[in-house]
Amino acid sequence: MPPRGETITLSELRRRTEAGALTKNEIELYFEPDDKKSKPFAPALKLTTRIDREGKRPSARTVTKLYFDAEERLSAPVPASAGRARARTTAAAAAAKMKVLAEGDSWFRLPDLFYPDDMVDVLRKTYDIPKLAMWGDEIGKMVTTKKKNYLVPLGSGLYRHFMFSGGGNDVLASVEDHVRRFGATGTDPADANSYIKTSFDNALDSVIGHYGTLAGHVRTVTNPKATLYVHGYAHVRPRPGGRYIGAKLE
64 MPPRGETITL SELRRRTEAG ALTKNEIELY FEPDDKKSKP FAPALKLTTR
114 IDREGKRPSA RTVTKLYFDA EERLSAPVPA SAGRARARTT AAAAAAKMKV
164 LAEGDSWFRL PDLFYPDDMV DVLRKTYDIP KLAMWGDEIG KMVTTKKKNY
214 LVPLGSGLYR HFMFSGGGND VLASVEDHVR RFGATGTDPA DANSYIKTSF
264 DNALDSVIGH YGTLAGHVRT VTNPKATLYV HGYAHVRPRP GGRYIGAKLE
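If you're matching positions, the sequence shown starts at 64 in the working numbering and goes up one per residue.
Bear in mind the hints are in silico, worked out from the structure with no lab data behind them.
Possibly wrong hints are sitting among the right ones.
[As the list claims (entries may be wrong)] When the alpha-carbon atoms are kept at most 30 angstroms apart in a straight line, the in silico DSBU-like pairs for lysine-lysine are as follows:
#1 109 - 99
#2 311 - 288
#3 109 - 311
#4 100 - 128
#5 119 - 100
#6 162 - 100
#7 288 - 204
#8 99 - 194
#9 87 - 119
#10 288 - 260
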């Protein structure tokens, strides 16, 4: 690991990420939250000054993907003296856990090193849950892409419980496109409907359609028959100046 404060090139960061050679401390040295480019439910990350970008300007999406890969391949060497025993214990503990499938957005997955535990982080202490969810994903991407991340494991016969969270990024992340600003012509604070544009209903119809497709996918799985749990947003309460959605809604 390079000394704290020493820079490495972007090429070296990519190479070490692909090799799974970055430690938790190194990831925290090379990446940090990018509040300017983050959306309400889609946090973005940026490279720190410890990375020599070699004259390149990687996009926020590229940097976030690089972090995602680094987190996935996070190197966590086990001391040789305890390696085999710990591996056996870990394998036995994982096998004993109930297997649960979870697909979704930031409610089910956030960058582990920079944000609080998400719902799946908490549940994973008790249940065996694979990492399918990804912050910022829209429901259309999760349900209608050719890859259909959840379909293969759902049809494997290993999961009787399937949790899903999606739709918020499709609507709230672009709320300014669907809701008129406070004080805009034709709006009335006493009439909430006066702020809602037609596009909002269209966006909701689209989300509802994707949930219908999702339900159809789950109904086709019969061995074993899976129970679908849908994560609801309930009453979102943005705090004034809040990092996640408060500032965005303001």
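* To do: Enumerate the violated hints, using their earlier numbering and listing them in ascending order.
  => 2, 6, 10
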